[in-house]
Structures are given as structure tokens and as C-alpha cells.
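Protein chains in written order, with our numbering: chain A, 1 to 221; chain B, 1 to 221; chain C, 1 to 221; chain D, 1 to 221.
It should be emphasised that the hints constitute simulated quantities derived from the structure, not laboratory data.
Some hints could be false.
[Unchecked claim] Beta-carbon label-pair distances, calculated as ranges:
#1 C:Gln144 / B:Asn182: 45 to 51 Å
#2 C:Asp91 / B:Ser80: 45 to 51 Å
#3 D:Ser63 / B:Ala97: 42 to 48 Å
[Said to hold, decoys possible] Which bits of chain B does chain D cover? Going by a derived footprint, with three or more residues having C-beta under 8 Å, they are:
#4 51-65
#5 126-139
#6 192-201
[What the hints assert, rightly or not] Here are some chain C residues the structure puts well away from chain B; computed CB gaps all over 12 Å:
#7 Gln4
#8 Thr24
#9 Ala55
#10 Leu74
#11 Ser79
#12 Gly93
#13 Glu200
By construction, the Cβ of each residue, glycine as well, lies at the ideal position given by its N, Cα and C atoms.
Number of protein chains: 4
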Amino acid sequence: MQYQDLIDACQTEWQAYTKHDFVTQLASGNLPKDSFLHYLKQDFLFLKQYARAYALAVYKANSLTDMRQALPTLNALLSSEISHHVSFCQDWGLSEAQMEQEREDFGTLAYTRYVLDAGMSGNLVDLYAALAPCSIGYAVIGEQISLDANTLWENNPYRSWIELYAGDDYQGHAKQGALYFNTLLANIDIKSERGQQLIEVFCTATRMEIAFWQQGLNATN
Amino acid sequence: MQYQDLIDACQTEWQAYTKHDFVTQLASGNLPKDSFLHYLKQDFLFLKQYARAYALAVYKANSLTDMRQALPTLNALLSSEISHHVSFCQDWGLSEAQMEQEREDFGTLAYTRYVLDAGMSGNLVDLYAALAPCSIGYAVIGEQISLDANTLWENNPYRSWIELYAGDDYQGHAKQGALYFNTLLANIDIKSERGQQLIEVFCTATRMEIAFWQQGLNATN
Amino acid sequence: MQYQDLIDACQTEWQAYTKHDFVTQLASGNLPKDSFLHYLKQDFLFLKQYARAYALAVYKANSLTDMRQALPTLNALLSSEISHHVSFCQDWGLSEAQMEQEREDFGTLAYTRYVLDAGMSGNLVDLYAALAPCSIGYAVIGEQISLDANTLWENNPYRSWIELYAGDDYQGHAKQGALYFNTLLANIDIKSERGQQLIEVFCTATRMEIAFWQQGLNATN
Amino acid sequence: MQYQDLIDACQTEWQAYTKHDFVTQLASGNLPKDSFLHYLKQDFLFLKQYARAYALAVYKANSLTDMRQALPTLNALLSSEISHHVSFCQDWGLSEAQMEQEREDFGTLAYTRYVLDAGMSGNLVDLYAALAPCSIGYAVIGEQISLDANTLWENNPYRSWIELYAGDDYQGHAKQGALYFNTLLANIDIKSERGQQLIEVFCTATRMEIAFWQQGLNATN
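The task is simple: from the sequences and hints, build the whole structure.
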């Protein structure tokens, strides 16, 4: 099987995630600032746990090849992606230290700890199946926004976010990661018990993405 | 420090948890059946993960004494507690296999995976600090309900739940576990960095308990 | 594949393990007491770690069925098997507490920590592949000794050991565990990359068994 | 306590490790090539597992500060240190792929899996206590050799090894890591139960270092 088979097996959740109101409003620049700020602070905490999960991928690797595959992502998470969020939040007067003191919201805890536990209790393939909705989904969303005629570019307060995930760096990195994930999936039949387990992991993580967007939207209420 | 110090350090959350509307309505028999049923199905899934956490406590133990401490709880979870839920749900026509197929709700995922990750990434003390709000809290709640004059006993549809957690078996087991937890905490100063970490773990798990009750209440909407 | 395929794939190591001089000398009663005592003390420490590995199997399980499969073994290890070693050593004046204070020898550390790490970094199947050489091998050895005409029964100082592993309890338990392992292996092709990984785990654990016997023999020198 | 307290508590093992015949012979250039080659191939496999342990340190970290502390070491292990061994072995006609196919010897398995399990079952401090004998010890040995008048520099076939560990890069990195370890130990009393556990971990890992040198020496027999 390939990663697209996982997406196909969770179409309802995948559409609800990649076309969530949070995404549409962000693209049009209409997303309330409180929503975005809440999202960004929680996503900062998310990325910290997500980096732990990529460290777990190095721990779980059998070969140097697999170890070296996960390491650049770990480095990128702890530098560029987290840095974007920190520098964005600094414009609101929040320092990295303050952001790290924020309480993790339920959606943040649910998503990140699910990924970590799925990866720890399963093997490397389970871990990547739990990581994939985020890494692949954000690339899909970034591209989708950048191609959408309705996207507001001028004066969109969230433009730097769009540019981060639609940019060549992230897109190239995500594509490379997705191809690697395909090599891990190559010998697994989607109809086998193992294949069904991986669908379960991928769908659950996708459900968590939906809840994570919603958590941002809810923050204005 | 002692476990009571952890409770004292999280009083707001502890009160919100142990005196939650879900608990009050359950004691008075006024809890909507849909709420209880949703809770019970999710709690079944919760107990399965909670049993994994006690298995982790055996794995994390340094001594035979510590291993033998966790084992009876693991046995009890996989027999009496889960059995109660299964037999209760059978009256609604749900088999254990069907219950195991239910989707884990967000609150269930957030709570259980947080406990498992706190325990895996920390050591045995962190694990018990994450487990304590449930094991100690349910004993507190069970006793509180059984002593409360407002509690409805006759024809309370949730009586078997109250009897389970107010009963001598659970109460004795929880007390023994709490005393053991005290021995693990004995040499840790609550004001030290280590003490503060444990407060953070205990409070986060308590927050998850509140969300877990709320998840049940919300199920009727 | 089935567990016998793993044995077939590691025939050299398997023969060296199950027909090791330590085993032959134990069966004939000619094993030096120092060798046996060293072995027994280290095996006591081994069983403690081995019990941690079965706790890990509960943690790693996806279903209640899988959890309930590992639990009886965990209970048996912490009661009957460890008790045999303790009661045997008490005849030499060693208490359980003293045995737990013994230093783990290199072979003990290598074997047990390899099993634990193979299980933690892989999934449930990797864990059972690492556990199998001991659980299945001791049953094979127990039966082999009990059927061997050269086995000394009268006045064999190691008779209780033989009776433990040749006895119906251990044999039945091991057989049941081996059949369960077969269900985990059923959908895995031994020639696939996954199959080759499992051979690697099984062979490495078998190599550790050889070293563990040798460690006992060396103790007299 | 400080890391020096751990060294002081394991003086016998520490001396046997840092002044092992393998080290003396390597410094004088008299070490048999087979010994060194066996050591280097096994150390290559060791470093791969050791890198997994530093990845575990990122996973185990509570703060971004702790995560960013472990990451440079992980990067260095997977690049410069492993590269040294690979390029050294290429002079003997061995490729990295061939080295990765070598069987892990008992001493390699015992040491690495002990570190990984001590770190996984304990917390971040246990992990660093298990890592310290290698990271700090190699810096001590590197400096000791470079200051020793008996060290052969000209035509010493192992000169690149000495230069690697006596060099400013490794020395500076190890010193920084040791100071960080001191901050983790600062609030732990060496006489407390926790302190005694850490001594146990540190001493066991040091015993493994001795066995690792010996494994190299034995390779000529």
C-alpha cells in the first residue's frame, strides 16, 4: 500500500481536516486573531511534542538509513518551524519561555500523546502512520491555499504561516518524507490485519487534527 | 511530601473533579442514561489503557517489591473493574467485543495517552502521579457519595457503580495504593524542581478527569 | 510463518542452545554445584527482567485478548518460577533479598536488556520473537531431558529444576504460548523483510541463551 | 551531587576502565590490529545504539532546553564519530554497509541495551547516568593519552583515534555535556535512595566499558 491508500480509507475525516473552516478563514484572512493566536501557542506546544515523536523515530530505527531519515525533520522542527511560531508570537509580546509555560489544551494533549503512544507501543511504521496526517496534511493544505483564487495575499495577517507551509522548503521536505513513508508501507497489504491497524492509527490522528483546528476556532467564544 | 500535598496543590481542579455535576447527578440518580452509557463505554476503553499503564508500572519497577505492588491492580483492572462495565453494558445489549470496537472519544484519548506518556517519559513516580487522580479520586468520590445524605440508593440505576467504588474491595485497594504512593514520594520535597514536576503531572491528569466527566454530560446534547 | 520456521532458520544456534553441555551435565547430575548455583542466582535476576518483558507485552497489546494472553505468564513468573529459584537457593542459605542484591553478570544483562529493547523498539511480534527462545526452548529442553534414557532421576541434585520445566504446568503453558505466537506470525511471510527481521531477533536471543548457559559453566573456573 | 561523585563512588571500576590494557596498548601503538579492528567494528555498532540513546534523551526531555542539549550530540554521533570509524575501516576494505551487517558481540549488546533500558525505564537523569561513563570516560582517556609521555605519536596506527578523542572538538563537547549533567544532578543527594540508584546505573555502565575493551583484546585469541 501507499500513503494515498490511507487517505482514501479516511476520506470523511481527511476532507473535514484539510478543508476545515479554520483553514478557509486563515486563507481569506478572516480568521479571528484570538483563534489564530490560541492555535499558534498550542501549535508551539504541539511541535515540541511532535519533535519528541521524531526523536522516537530515531530511537525506533533499525538502520542508519532510517535514523538519518528522521534526523533532519527533528532538526527542522526544533529550528525553523518552532522559530516561526516564536517570532510570530513575539509580535504579540510573547517570549518563547512564556509560550512554553502555557497550559496544553485538551486537543493538544490528545493529539500529541496519541502519536507518541501509538509510536511507542507499535513499531516505526505505526509511528509514521500517526505522524503522517500532520506532515502530509499541512503540505496538502499549504499547496491548496496557495493555488486557491480566493486566498488573500495582500495584508493577510497570516501570510507568513501560508508561506511557511506552501513554501518550497516545507513542500520538498514533506514530499521526501511521504516517499519514504511509502517505502515503509510497500510490503503491507491494506486489506491485511496490519493494514487495518495502520488505517486505524492514521484515521485517529486525522480526527485529532480536526479537533485541533476546532480548538482554535473555539478560542474566540 | 505525601499524596495529600499534591491534592492541596491542585485544589481548584481537585474540587472541580470530585464534585463535578456528573458525580452529583449520578449519586442522586438524575444523570441522563445516555450520559452514563457514553461514560461507561468510554470508561471501559479508558480502563483498557489504564491497565496498560499498570503494566508499564511493572515494567518500570526496579525491585520485585515494586513489581508485586502493581500486579494486583493490573489483575483487578482486567477482571473485576472491566467486568463491572461489561456486565452493566450487557443490560443495554452491548457485548464486550462491541464495546471494544467503540471509537475512543477525545477526552478518553487525551487522558489515557497523557498518563502513558508521562509514565514512559518519566520514571515510576511520574507514572503513579499520573495514575493517582483516578485511583485516589474514585475512592474519595465513592466514599463521599456513600456518606452523602442526598444519595439515592433505592432504584438508583447507577447503584452498582456506587457500590463498586464505595465498596470495601475498591476502598481497601485504593488506600493501600495511596500508602504505597506515599513511600515513593517520601524523599521528594514538594518545593523542589522534582516536586513541581510531579504537581504538574498530577494537576494535568486531574484536569483530564474533569474533561472526562464533562464528556459524559455532553453526550446527551 | 510459524515459530518452527524461526527455529529452522537458526538451527546452528538452536542446537548449540538446547543441547549445551550445561543441559547435558544438569540432566546427568554431573553439573558442578557452583555452576548451577551461579546459574540459578543469575536466572533469578533474569526472571525478574523477563517478567518486566511480559509486562511490556501487556503494555504493547492492542486488544484485551492480547493483554489477557500475557498476564498469566507475568503472574506465573512472579510466583511459581521465581519461587522455585528462591526456595532452591534457600537451601544454600540465600534469601530472596540477598539474591536480588547479586550483581547481574554480563550474559544476564545482555540477554534481558536485548529482549526488552527489541520489544520496546519493535512491536508485540518482535517482543514475542525475543521471548520465544526462552519460553519455547525451556519446554523443549525439559521434555528432551525427561525422555532421555541417560537422565539421572534418583539423587540428581537438580531434579526439582527438571521437574519444573518437564512438568505439565510449564509444558502446557509453553505450548499454549507457542500456539498464540503462531497466530501472531500467521500473516507474515518468512521471506519478507519483516520475516527476516524476526529471524534476526529470534537468532540473537538464542545466541544469548547459549552465552547464558556458558556463563554458568564458566562460574566454576 | 556532581558527576565526579559518581566516579568517586565507582573508583575500582573507573580505574579498570580508564587504565585498561586496551587503552595502554593503543597509546603505545602495540595493540594488535585484529583487536583494534574488532573493537572498531563493534564500536561502530555501539555508536549506532548510542545514537538511539541520545534520541531517547530528546524524547525524554521536558523542556526545549533539554531537547536542544541532546540534539547536537545526536547529530555529532551520526556524522563525525561514526564517520571516523567508517573511514578508518575503509582502509581495511570494509564499507559502512558491511560494517552494519556485522553481528553485535555480547559486550556490545550488553552495554548498549543496558543503557537504553536504564534510560527508558528510568527518567532523563538515569539515562544520562548510563551515558556518562562513555561520554566522560572517553574524554578522560583521550586527555590522559595525549598527556602521557609514553604515548607514541609517530607511526602509531591508531593516531586518528587518539586525535579524535583528545581533540578540542570532542573534549569541548564532552566538557559541555558533563556540566549539563551536573545541573541535572545538582538537587540529588548522593546518599539518598535516588543517589544510590544513580550510582548503580553509573557503575553498571562502567563495568560494561571494561568488558567492551576486553572484548577487543580477546579478539586476537
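Now for the hints, and whether the structure bears them out:
no.: 1; hint: C:Gln144 / B:Asn182: 45 to 51 Å; verdict: 50 Å, holds
no.: 2; hint: C:Asp91 / B:Ser80: 45 to 51 Å; verdict: 38 Å, violated
no.: 3; hint: D:Ser63 / B:Ala97: 42 to 48 Å; verdict: 43 Å, holds
no.: 4; hint: 51-65; verdict: holds (count 3)
no.: 5; hint: 126-139; verdict: violated (count 1)
no.: 6; hint: 192-201; verdict: holds (count 4)
no.: 7; hint: Gln4; verdict: 29 Å, holds
no.: 8; hint: Thr24; verdict: 32 Å, holds
no.: 9; hint: Ala55; verdict: 3 Å, violated
no.: 10; hint: Leu74; verdict: 7 Å, violated
no.: 11; hint: Ser79; verdict: 9 Å, violated
no.: 12; hint: Gly93; verdict: 19 Å, holds
no.: 13; hint: Glu200; verdict: 23 Å, holds
Of the numbered hints stated above, those contradicted by the structure are hints 2, 5, 9, 10 and 11, listed in ascending order.
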